[in-house]
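There are 2 protein chains.
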Amino acid sequence: MAKYLQLIDQIQQQIASEIWLPGEKLPSLREQVAQSGMSLMTVMHAYQVLESQGWIVSRPQSGYYVAPRAEFLSQPASHQKVQLTESVDINDFIFEVLQACRDPDIMPFGSAFPDPELFPQRQLMRSLSAVSHSLKPADALNNLPPGNEALRKTLSKRYALQGIQVSPEEIVITNGAMEALNLSLQAVTAPGDWVVVENPCFYGALQAIERLQLKAVAIASHPQHGIDLTELAATLAKLPVKACWMMSNQQNPLGCTLSREKKQALVALLEAHQVTLIEDDVYSELWFGSEKPLPAKAFEKQDSVLHCSSFSKNLVAGFRVGWVAAGRHAQRIQRLQLMSTISTSAPMQLALVDYLGSRSYDVHLRRLRQQLEQRKSLARQSLRRHLPASAKINDSQGGYFLWIELPEAVNTTELYYRALREKISIAPGKMFSTSEQYANYFRFNTAWEWNDSREAAVATLGRLIAEMLQGQRWP
Amino acid sequence: MAKYLQLIDQIQQQIASEIWLPGEKLPSLREQVAQSGMSLMTVMHAYQVLESQGWIVSRPQSGYYVAPRAEFLSQPASHQKVQLTESVDINDFIFEVLQACRDPDIMPFGSAFPDPELFPQRQLMRSLSAVSHSLKPADALNNLPPGNEALRKTLSKRYALQGIQVSPEEIVITNGAMEALNLSLQAVTAPGDWVVVENPCFYGALQAIERLQLKAVAIASHPQHGIDLTELAATLAKLPVKACWMMSNQQNPLGCTLSREKKQALVALLEAHQVTLIEDDVYSELWFGSEKPLPAKAFEKQDSVLHCSSFSKNLVAGFRVGWVAAGRHAQRIQRLQLMSTISTSAPMQLALVDYLGSRSYDVHLRRLRQQLEQRKSLARQSLRRHLPASAKINDSQGGYFLWIELPEAVNTTELYYRALREKISIAPGKMFSTSEQYANYFRFNTAWEWNDSREAAVATLGRLIAEMLQGQRWP
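Residue numbers (the UniProt record's numbering), protein chains in the order written: chain A, 1 to 475; chain B, 1 to 475.
Accuracy of the hints is not assured; some may be wrong.
What the hints assert, rightly or not - A short list of chain A residues far from chain B (calculated; beta carbon distances all over 10 Å): (1) Asp9; (2) Gln35; (3) Ser36; (4) Ser39; (5) Ile164; (6) Arg211; (7) Thr230; (8) Ser312; (9) Thr341; (10) Ile342; (11) Ala346; (12) Glu436; (13) Leu469.
What the hints assert, rightly or not - No more than 35 Å apart at the CA atoms, straight line, and that leaves these computed lysine-lysine pairs for DSBU-like: (14) B/Lys136 with A/Lys423; (15) B/Lys242 with A/Lys215; (16) B/Lys215 with B/Lys136; (17) B/Lys423 with A/Lys136; (18) A/Lys215 with B/Lys238; (19) A/Lys153 with B/Lys136; (20) A/Lys423 with B/Lys153; (21) A/Lys153 with B/Lys301; (22) A/Lys242 with B/Lys242; (23) B/Lys301 with A/Lys136; (24) A/Lys136 with B/Lys136; (25) A/Lys238 with B/Lys301; (26) B/Lys301 with A/Lys157.
Derived by calculation from the structure, the hints in this document are not laboratory data. All residues carry an ideal CB built from backbone N, CA and C; glycine is no exception.
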């Protein structure tokens, strides 16, 4: 790795782990040269890149400072019971937003999917072709729950690489992470049970809770530090909570990743209350920086974490293959799957076995992370150019979402409809909470190749926000 | 079609539609020659084939008689509320039975799947290979709910061939029929609602009802004539039933197909009570005889039937592609799917589009039906050879299940465990009802190529039953 890249990586790590806090002054160029033994050119180059990526800002005659970031976002109010009464409307709205993102004429900033052009199309096609020549009649049976054995073994080895002990027998292959999460929640709860979610959170969690007749309690999650453990502890002391559905890496929609210590504390707290953690870790491969963050699963002491993930966000969306590392719940989850979809498609499982056997997965992931990091940086710069200064952008070390706070005067659901008329989609805050708390927030998908039309769309978004700030009525 | 085949077909039809009742004497060879204008050789040939298939029996010096069949099976007792208390045990047991069928060393008479060797492996692989060369990055998006447009159009045309008007917009592609049925039930009910099922019925219906917190009322279904409409009418008058989940063609486990008139009366009755019919029609392509039976859906007047089917039982099990023709409920089902599995795998949908475009599907289906009919006949003959005379075999015009009644002394759950020790699986009656009513019944899968080891397995089954009848204790 080039020296300036090492330095970038190091400073990013330090900022992420809050060794340098937003607003703090960084070592001057000269101090950095002295400390690192690198040349002035190298250090300058690194600082310039960090500045262009929005990590640091330079103040004339003063030096470099850690860029103000999430600290500016308003803190969510304290937790509140989720109101499920208006949830049907919310589900209608979410469906509408998701459907709009499928229209190729609409700029998909509201999409939950990454740009499929980032995926290794050719290699996947080669694997699919290989399967098409080797498929055997008995394959349908051999890939029934818990799913293809070779695939489960591969996943088990990938866990082992992170020092996590998950045997192939504990893994169930599912129709994407969505099925894994739904079956997991179903496996460990009965109707009427309390389930902890984050606020804001992935709408799928709220929908699953509603569908399974569970009661949700939402705990505030900080845009940079994640779930409030004090509040969580108070809730667990008060309510007989059965499960907690959350994301400890690249949380959707916030983007934040819990620190190692916080994950450990979270799992210990949940285990002390015998609460099962259903960990949605679909963005786990999309970390930036030098080391893959561990899942909360790594810190379990009592077989208490159901770790759900998939290939949909980092390799191929259309195959619909995910899994859950379910520990002692694996058997029950298999049964639930047999009752609901029977199994995951056999050729899709086999194609993944073939692809993962080629060892090109990690090469692809490295490239993907670089591209996503670049694209996120470009998107953020563009947003900074066009959004009013009062807009606050929460950035994070991974994934492809930016969580943006607008002044309270701007209702992002209205912004969504205004933008849609201009063929631009965003994901309004309303989708991620059943409270009205995030009515002036939205999630922005940065996974797209940056070009003039994206730039123009962000400019339009900026204009629409400015118009709303000026109180312009919508026809 | 050869003349003797025409005559076979005609007589099978007449027996199926009860023009000739079991035990009745058929026209003599001479009378048949006179009526049909066919040669004596032709008529003799036809009668011999019908006898070998078990449709008719010859009595020396007397002539040919319609074979005794389902009429000998005991009538199920009147309907009873399903007891869900012990359902967890039943689900464990069902899971165990299904898992045992996957062991290649076990004779899969208890399996729900047809022999995968019957499927057009090579053509499917060709289609998968074609897809692997044409897959586009955007395909993941294009195949999201409601699913691939070309596939929905093809299905719509197949409905049209039977005179049924289903637009592509009313169809949702699902992860097999199982997901279609589950989402359909969810779409039209709320927890606590009453749902009508048949007794006996596909266990998946009972499991879905339990999972969705619904209340089941089971209506007796006659082994040959299907659901008791008088009893159904009485139940609908008494209870606020919301939906009815049933099979009108090749019912699982009975195998029976409702007559056209009965389907019409069923739909009219349900519509009069505003009850939605969730029609499980997964065996619809596996009819024997000269004409494909219509689904109950064909008789709806009020958009009241959700017709669910798949390719899993007639083309390929491992692709996991099914659908529901959901009428006005299509939109709601799409939303539920997005929340539970997001979508069906894109390459699998595209491979089916490719295969169905080749026009070899109907050629395959014709051949499949012939093979299944032959195999069923061979299996029935073998069972007759080896099972005690007191065993009663319900046969039907389609599918690959025989529903067998043993004397009350034989508990088929015990028989299941005894047979499993001999590496033979059966599907005990207990799986298909939450009452103990079918404790002496089992379902037998006839889809396998007949050979010495199958014959030997049936002989073993016969021996085990004889031992149980003689009161031999099980070690």
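Results of checking the hints against the structure:
no., hint, verdict
1, Asp9, "holds (30 Å)"
2, Gln35, "holds (45 Å)"
3, Ser36, "holds (42 Å)"
4, Ser39, "holds (42 Å)"
5, Ile164, "holds (26 Å)"
6, Arg211, "violated (7 Å)"
7, Thr230, "holds (32 Å)"
8, Ser312, "violated (8 Å)"
9, Thr341, "violated (4 Å)"
10, Ile342, "violated (5 Å)"
11, Ala346, "violated (3 Å)"
12, Glu436, "holds (22 Å)"
13, Leu469, "holds (33 Å)"
14, B/Lys136 with A/Lys423, "holds (23 Å)"
15, B/Lys242 with A/Lys215, "holds (25 Å)"
16, B/Lys215 with B/Lys136, "violated (45 Å)"
17, B/Lys423 with A/Lys136, "holds (23 Å)"
18, A/Lys215 with B/Lys238, "holds (33 Å)"
19, A/Lys153 with B/Lys136, "holds (29 Å)"
20, A/Lys423 with B/Lys153, "holds (28 Å)"
21, A/Lys153 with B/Lys301, "violated (52 Å)"
22, A/Lys242 with B/Lys242, "holds (31 Å)"
23, B/Lys301 with A/Lys136, "violated (44 Å)"
24, A/Lys136 with B/Lys136, "holds (26 Å)"
25, A/Lys238 with B/Lys301, "violated (54 Å)"
26, B/Lys301 with A/Lys157, "violated (56 Å)"
The structure does not agree with the numbered hints 6, 8, 9, 10, 11, 16, 21, 23, 25, 26 stated previously, though it agrees with the rest.
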